[in-house]
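Visitor: Each chain, letter by letter, is given below.
Number of protein chains: 2
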Amino acid sequence: MKKYLGIDIGGTFTKTGILDENGAIISFAKGDTPKSGGIEAEIALIGEILEILDISTDDIESIGVGVPGPVDRSGMVHSPPNLKGWGEVDFAKFLSEFLEFPKYKIVVGNDANLAALAEYRFGNGARADPMVLITLGTGVGGAVIINGEPMMGKDGFAAELGHILIEPDGPRCGCGRRGCAEALISHKGIVRIAWDILKKDKGSVMWEMIGSNFDELTPLTVQQAADIGDPAANKVLKITTRHLAILLADLINIFNPERIVIGGGISRWGEALLGPARKEAKRQALKHLAKNVKIVRAKFYQRAGVIGAATAAMKI
Amino acid sequence: MKKYLGIDIGGTFTKTGILDENGAIISFAKGDTPKSGGIEAEIALIGEILEILDISTDDIESIGVGVPGPVDRSGMVHSPPNLKGWGEVDFAKFLSEFLEFPKYKIVVGNDANLAALAEYRFGNGARADPMVLITLGTGVGGAVIINGEPMMGKDGFAAELGHILIEPDGPRCGCGRRGCAEALISHKGIVRIAWDILKKDKGSVMWEMIGSNFDELTPLTVQQAADIGDPAANKVLKITTRHLAILLADLINIFNPERIVIGGGISRWGEALLGPARKEAKRQALKHLAKNVKIVRAKFYQRAGVIGAATAAMKI
Numbered sequence: 001m002k003k004y005l006g007i008d009i010g011g012t013f014t015k016t017g018i019l020d021e022n023g024a025i026i027s028f029a030k031g032d033t034p035k036s037g038g039i040e041a042e043i044a045l046i047g048e049i050l051e052i053l054d055i056s057t058d059d060i061e062s063i064g065v066g067v068p069g070p071v072d073r074s075g076m077v078h079s080p081p082n083l084k085g086w087g088e089v090d091f092a093k094f095l096s097e098f099l100e101f102p103k104y105k106i107v108v109g110n111d112a113n114l115a116a117l118a119e120y121r122f123g124n125g126a127r128a129d130p131m132v133l134i135t136l137g138t139g140v141g142g143a144v145i146i147n148g149e150p151m152m153g154k155d156g157f158a159a160e161l162g163h164i165l166i167e168p169d170g171p172r173c174g175c176g177r178r179g180c181a182e183a184l185i186s187h188k189g190i191v192r193i194a195w196d197i198l199k200k201d202k203g204s205v206m207w208e209m210i211g212s213n214f215d216e217l218t219p220l221t222v223q224q225a226a227d228i229g230d231p232a233a234n235k236v237l238k239i240t241t242r243h244l245a246i247l248l249a250d251l252i253n254i255f256n257p258e259r260i261v262i263g264g265g266i267s268r269w270g271e272a273l274l275g276p277a278r279k280e281a282k283r284q285a286l287k288h289l290a291k292n293v294k295i296v297r298a299k300f301y302q303r304a305g306v307i308g309a310a311t312a313a314m315k316i
Numbered sequence: 001m002k003k004y005l006g007i008d009i010g011g012t013f014t015k016t017g018i019l020d021e022n023g024a025i026i027s028f029a030k031g032d033t034p035k036s037g038g039i040e041a042e043i044a045l046i047g048e049i050l051e052i053l054d055i056s057t058d059d060i061e062s063i064g065v066g067v068p069g070p071v072d073r074s075g076m077v078h079s080p081p082n083l084k085g086w087g088e089v090d091f092a093k094f095l096s097e098f099l100e101f102p103k104y105k106i107v108v109g110n111d112a113n114l115a116a117l118a119e120y121r122f123g124n125g126a127r128a129d130p131m132v133l134i135t136l137g138t139g140v141g142g143a144v145i146i147n148g149e150p151m152m153g154k155d156g157f158a159a160e161l162g163h164i165l166i167e168p169d170g171p172r173c174g175c176g177r178r179g180c181a182e183a184l185i186s187h188k189g190i191v192r193i194a195w196d197i198l199k200k201d202k203g204s205v206m207w208e209m210i211g212s213n214f215d216e217l218t219p220l221t222v223q224q225a226a227d228i229g230d231p232a233a234n235k236v237l238k239i240t241t242r243h244l245a246i247l248l249a250d251l252i253n254i255f256n257p258e259r260i261v262i263g264g265g266i267s268r269w270g271e272a273l274l275g276p277a278r279k280e281a282k283r284q285a286l287k288h289l290a291k292n293v294k295i296v297r298a299k300f301y302q303r304a305g306v307i308g309a310a311t312a313a314m315k316i
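Top to bottom, those sequences are chains A and B. Our numbering numbers the first residue of the first sequence as 1 and each following residue consecutively. Our numbering numbers the first residue of the second sequence as 1 and each following residue consecutively.
With the rest of the complex left out, here is chain A (with noise of 0.2 Å):
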């Protein structure tokens, strides 16, 4: 059985793993993506967690690298947003010549087009075409998986999907731009809209949640808060719905999708958001587009990078 590495590099930790072609995880361990040092220890790390895994490279077919941030057609990695000092880097050829493996055999790729490619081939995409990915976590993420492949646009940076406007005039995005999905929908934006209503009603059973304590506020408490009947969270997920249900709607309309499938950290909210958001999604959109549309929750979660690293690497 052949053997592929996927290494996934995020803003807090580094995952790697060796999957078998079936997609099956062999072998995984994770580090703490370091906070200074730049490539050079970053290198090292992934160095270390090989050792630990006891891996030689002799039995790796192939390489798949994904990093949180833009990678150009070619496969530069152009300054992720929370790695520092990384700048414009060719993070193939650093790897290739650590490793003393061949770099044409090491693909660096968006960590959310990675994702979407493990979801296609071995999760919840099901070899859908088109299939969209969103990632609803600390950011909003994208990807849009076309004839197998993931819509790259002119420069490789296509599918931003977290920055489509939602609300003209809502909050301020980390991108600049006022009301884009990120701004909503992520893990501070659903606490943004939550501590908002929870400054209001002083009787939410989410402040004994919290210990009164806006730092403990996150989108899990407004969840379980939910589910318990509470009226401030029960706000804060119709809030969020709506907001949900004009991304996928606007998705609809563009892609005609087979399948949209949502992940992060916020899709395991579950039905109790994605129930209501689809059936909004579906009235809101042009109705010989939505259909056929099937919108699901992801297979992946902690490990979708590693995995979508791994297939992108089976494709080389």
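The set of hints was computed from the structure by calculation and includes no laboratory data. Heads up, a few of these hints could be off.
It does not matter which identical chain is used: a pair holds within one copy or between any two.
Claimed, not checked - In silico DSBU-like cross-links for lysine-lysine, where the CA-CA straight-line distance does not exceed 30 Å:
(1) Lys-84 - Lys-291
(2) Lys-103 - Lys-30
(3) Lys-299 - Lys-315
(4) Lys-282 - Lys-188
(5) Lys-154 - Lys-279
(6) Lys-202 - Lys-238
(7) Lys-315 - Lys-154
(8) Lys-291 - Lys-188
(9) Lys-188 - Lys-287
(10) Lys-154 - Lys-294
(11) Lys-93 - Lys-154
(12) Lys-84 - Lys-287
(13) Lys-282 - Lys-84
(14) Lys-103 - Lys-93
(15) Lys-93 - Lys-287
(16) Lys-291 - Lys-93
(17) Lys-287 - Lys-35
Just so we're clear, the structure is a prediction, and the values are computed from it rather than from any experiment.
Using the hints, position chain B against chain A.
Guide: Quick look at chain B alone, frame taken from chain A:
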């Protein structure tokens, strides 16, 4: 020199033209699209037009037909909203029988997709990859050319770019949703905004221009009044600029296009609208995606559909 027949069936006119392989129009004629009688009446009209043009199908390599509505991947037309009595139709089959012309040499497509092909191949699309077309007219249409081909989606209905949301509480769109681009940046959308502003500004020169008659108010009125410095018209221009910029920034973030081409009657406002909209869109879009995109006016207007239909025929 090979000859191709392009037929553009619009809600108002049916236009036909013979093109050579360089995209030059050799002959052109048009008639009124029948208001009743469905496919049979339309086919009869096309027969009459071709007779006027004195064309024998023996001289034609292939035929392209554009229709103003959804066309699926198999070429089936699905109830174009402005063509009464059409329903679900295999138009190529009817035309093939009527003209005694082989069906495999007839291609039927959505008018926006075909206009985009025309710009891509012979117009201001300049074979950009990806190229996005939006048409601002009676409605707001769209198409995306990736790798030289229209992005089709699962069924062939993709790229309904006029139904991307711009204002969640905006005016009701024909599709049922609120605040779509089509409800704001179309002929009707701009007239609605202009009327709201005009009602509050009795001193606007537009009152004189329209003889105080609402029915005379068109986007051209606004354009001409703005050109001579009318404050009310400039307010409308500013609002329309903001709406268009939001749509353009969304399209940049979604597709990372090499080029966006803007057609349809409203785009004849030219740089008075496109200049500030381009600037604002690039400010709102993600920097690494906005950097290299070109936003230009279309080359083809009245004959875009015919040229596009013939261009599609060249690909058979």
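Visitor: It remains to establish, for every hint, whether it holds in the given structure.
Guide: Status of the hints after comparison with the structure:
Proximity of Lys-84 to Lys-291 under the C-alpha cut-off of 30 Å is restricted to the inter-copy arrangement: shortest distance 22 Å between copies versus 45 Å within a copy. For the identical chains of this complex, Lys-103 and Lys-30 are intra-copy neighbours only, at 23 Å inside a copy versus 59 Å across copies, given an alpha-carbon limit of 30 Å. Proximity of Lys-299 to Lys-315 under the C-alpha cut-off of 30 Å is restricted to the intra-copy arrangement: shortest distance 21 Å within a copy versus 40 Å between copies. Within a single copy, Lys-282 and Lys-188 get their C-alpha atoms as close as 26 Å, and across copies as close as 25 Å, so both meet the 30 Å cut-off.
In the homo-oligomer, the alpha carbons of Lys-154 and Lys-279 lie at most 30 Å apart only across protomers (20 Å), although the nearest pairing inside one protomer, at 34 Å, exceeds that limit. For the identical chains of this complex, Lys-202 and Lys-238 are intra-copy neighbours only, at 19 Å inside a copy versus 43 Å across copies, given an alpha-carbon limit of 30 Å. When the C-alpha separation of Lys-315 and Lys-154 is checked against a cutoff of 30 Å, the pair qualifies both within a copy, at 21 Å, and between copies, at 23 Å. Proximity of Lys-291 to Lys-188 under the C-alpha cut-off of 30 Å is restricted to the inter-copy arrangement: shortest distance 28 Å between copies versus 33 Å within a copy.
In this assembly of identical chains, Lys-188 and Lys-287 lie within 30 Å of each other by CA distance solely across copies; the values are 22 Å between and 33 Å within a copy. For the homomeric pair Lys-154 and Lys-294, the shortest alpha-carbon distances inside one copy (29 Å) and between copies (12 Å) are both at most 30 Å. Taking the closest pair of Cα atoms, Lys-93 and Lys-154 come within 30 Å of each other only inside a single copy of the chain (23 Å); across copies the shortest separation is 38 Å, beyond that limit. In this assembly of identical chains, the alpha carbons of Lys-84 and Lys-287 lie at most 30 Å apart only when taken from different copies (18 Å versus 45 Å within one copy).
In the homo-oligomer, the alpha carbons of Lys-282 and Lys-84 lie at most 30 Å apart only across protomers (26 Å), although the nearest pairing inside one protomer, at 41 Å, exceeds that limit. Only within a single protomer do Lys-103 and Lys-93 lie at most 30 Å apart by alpha-carbon distance; the minimum there is 6 Å, versus 53 Å between protomers. For the identical chains of this complex, Lys-93 and Lys-287 are inter-copy neighbours only, at 26 Å across copies versus 48 Å inside a copy, given an alpha-carbon limit of 30 Å. Taking the shortest Cα distances, Lys-291 and Lys-93 sit within 30 Å of each other only across copies (26 Å), while inside one copy they are farther apart (46 Å).
In this homomeric assembly, Lys-287 and Lys-35 come within 30 Å of each other (Cα to Cα) only across copies, at 25 Å, whereas the closest approach inside a single copy is 48 Å.
Checked against the numbered hints given earlier, the structure satisfies every one of them.
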